[in-house]
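Listed below, chain by chain, are the residues.
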Amino acid sequence: MDKPVEVSAASDTGETLRLRYAFSLSLFFNERIRIESAYGGARTHRSYVAPIGGEVFGPRLQGKVLPLAGADYGFSRGFDAHYMLQADDGSLIYIRNRGLMRRWDLDTGEALPPTAPNPDRPIRRTMRVAPFFDAPVGRHDWMNRTVFIGHGHRYPDPDHSIFTYYEVL
Amino acid sequence: MTEFTVPETPTKKVGEVKLEFAFRIDAQVETQHNTATSRGDRLFQRIIGGTISGPMLNGTLHPRSGGEFGLGRTDGAIELNTHFLARTEHGEMLYISHSGIRRDTDGYFRFTAYFDAEGEGPHAWLNDTLIAGTGRIEPDASKISFDYFLVG
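In the order they appear, the protein sequences are chains A and B. Numbering (this note's numbering) for the first sequence: 1 to 169. Numbering (this note's numbering) for the second sequence: 170 to 321.
Because the hints were derived from the structure by calculation, they are not lab data. A quick note: this is a predicted structure, and the numbers were derived from the prediction, not measured. Careful, some of the hints might be misleading.
DMTMM-like mimics (lysine to aspartate or glutamate), calculated; alpha carbons at most 25 Å apart, straight line [as the list claims (entries may be wrong)]:
| # | chain 1 | residue 1 | chain 2 | residue 2 |
| --- | --- | --- | --- | --- |
| 1 | B | K187 | A | E6 |
| 2 | B | K187 | B | D273 |
| 3 | B | K182 | A | E6 |
| 4 | B | K187 | A | D80 |
| 5 | B | K312 | B | D273 |
| 6 | B | K182 | A | D80 |
| 7 | B | K312 | B | E258 |
| 8 | A | K3 | B | E189 |
| 9 | B | K181 | A | D12 |
| 10 | A | K3 | A | E167 |
| 11 | B | K182 | A | D105 |
| 12 | B | K312 | B | E185 |
| 13 | B | K181 | A | E167 |
| 14 | B | K187 | A | E31 |
Have a look at the derived ranges for each label pair, beta carbon to beta carbon [what the hints assert, rightly or not]:
| # | chain 1 | residue 1 | chain 2 | residue 2 | range |
| --- | --- | --- | --- | --- | --- |
| 15 | B | G218 | A | D159 | 45 to 51 Å |
| 16 | B | K187 | A | K3 | 26 to 32 Å |
| 17 | A | D105 | B | A205 | 52 to 58 Å |
All residues carry an ideal CB built from backbone N, CA and C; glycine is no exception.
Using the sequences and the accompanying hints, generate a full structural model.
As structure tokens, this is what we get:
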């Protein structure tokens, strides 16, 4: 077993917060639908991106993402996704993946406004998420009583995202 | 039904995050009231006032602007659901909301926080930053301290 991946920080009064890597999701997509100017102006949108499948891997959960059992219903400021996972023991686990996305210009490294429309050229996107899970009573129900945060990255060819989840200890 | 071929995951690299202390809120709270509902106990604890202090944000809580509206579930966890307003040292109003989990069994009290700040103001960074935190309730239950950490 590899050493656990942990991150921690302390406040000025010595309160500490620790994160420990729990598991990851890969999500593969083949369609992105955008509703432009969805709510309140030219720079707003609502999008729909549904996974055709993916893997769950890591120390605390292994399994797969059920195909077309949910989607990311993203919007200008961030995203709000619902997916159904299936653990290796057959348990179905619901994830609500709420998060924020920052957009960066690849050439200049500058931050682009959260409501900027998609440029034609590629940009870098970094995602941070605060998910929650509904797991059945049993070996996965610790997920119902734990706060998680996550890191997300989007990759082209094939179109997929990988989310890395940490338990907030 | 359409069958899809799902590719192999090309890389299983662990996405790295950074954690940095941002600020602390010391909130004075009133006595907690519980309402027994069919979904569990809905808690209400008003935040009377308080202060924000730390390297990234300083200010005061807008008096009586909200509180903790958690749901005590039958599995022993309390779903945190906190809403209040704050005024920064620059006079700007912020909306702050927490969601998270509290467990009375072992004192676990962790949350993620969501902010609405003016889009063009000095605190606009709060609008697209993930913040995680830890809470502590004073033994006499008159004060809750929240420590906020930026997840970079």
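Hints, one by one, checked against the model:
Only pairs whose Cα atoms come within 25 Å are accepted, and K187 of chain B paired with E6 of chain A is accepted, the gap being roughly 10 Å. The hinted pair formed by K187 of chain B and D273 of chain B fails the criterion: a straight-line CA distance of about 28 Å is larger than 25 Å. Between K182 of chain B and E6 of chain A the alpha-carbon distance is near 15 Å, which keeps this suggested pair within the 25 Å criterion. Restraint check for K187 of chain B and D80 of chain A: the C-alpha separation of about 23 Å stays at or below 25 Å, so the hint holds.
The straight-line distance between the Cα atoms of K312 of chain B and D273 of chain B is roughly 17 Å, inside the 25 Å bound, and the hint therefore holds. With a C-alpha separation of about 24 Å, the suggested pair K182 of chain B and D80 of chain A falls inside the 25 Å cut-off, and the hint holds. Proposed proximity of K312 of chain B and E258 of chain B is supported: the alpha carbons are some 22 Å apart, at most 25 Å. Restraint check for K3 of chain A and E189 of chain B: the C-alpha separation of about 22 Å stays at or below 25 Å, so the hint holds.
This hinted pair does not check out: K181 of chain B and D12 of chain A have alpha carbons roughly 35 Å apart, beyond 25 Å. Proposed proximity of K3 of chain A and E167 of chain A is supported: the alpha carbons are some 15 Å apart, at most 25 Å. A C-alpha spacing of about 24 Å is found between K182 of chain B and D105 of chain A, which places the hinted pair at or below 25 Å, so the restraint holds. Restraint check: the Cα-Cα separation between K312 of chain B and E185 of chain B comes to about 34 Å, which exceeds 25 Å; the hinted pair is violated.
Among the hinted pairs, K181 of chain B with E167 of chain A is consistent with the structure: their alpha-carbon atoms are about 18 Å apart, no more than 25 Å. Note on K187 of chain B and E31 of chain A: the hinted pairing is violated, with a Cα-Cα distance of about 32 Å set against a maximum of 25 Å. Separated by about 49 Å at the C-beta atoms, G218 of chain B and D159 of chain A satisfy the suggested range of 45 to 51 Å. Checking the proposed 26 to 32 Å range against K187 of chain B and K3 of chain A shows it is violated: the Cβ atoms sit about 19 Å from each other.
With their beta carbons about 53 Å apart, D105 of chain A and A205 of chain B fall inside the hinted range of 52 to 58 Å.
Violated hints, listed in ascending order, are 2, 9, 12, 14, 16; each of the other numbered hints is respected by the structure.
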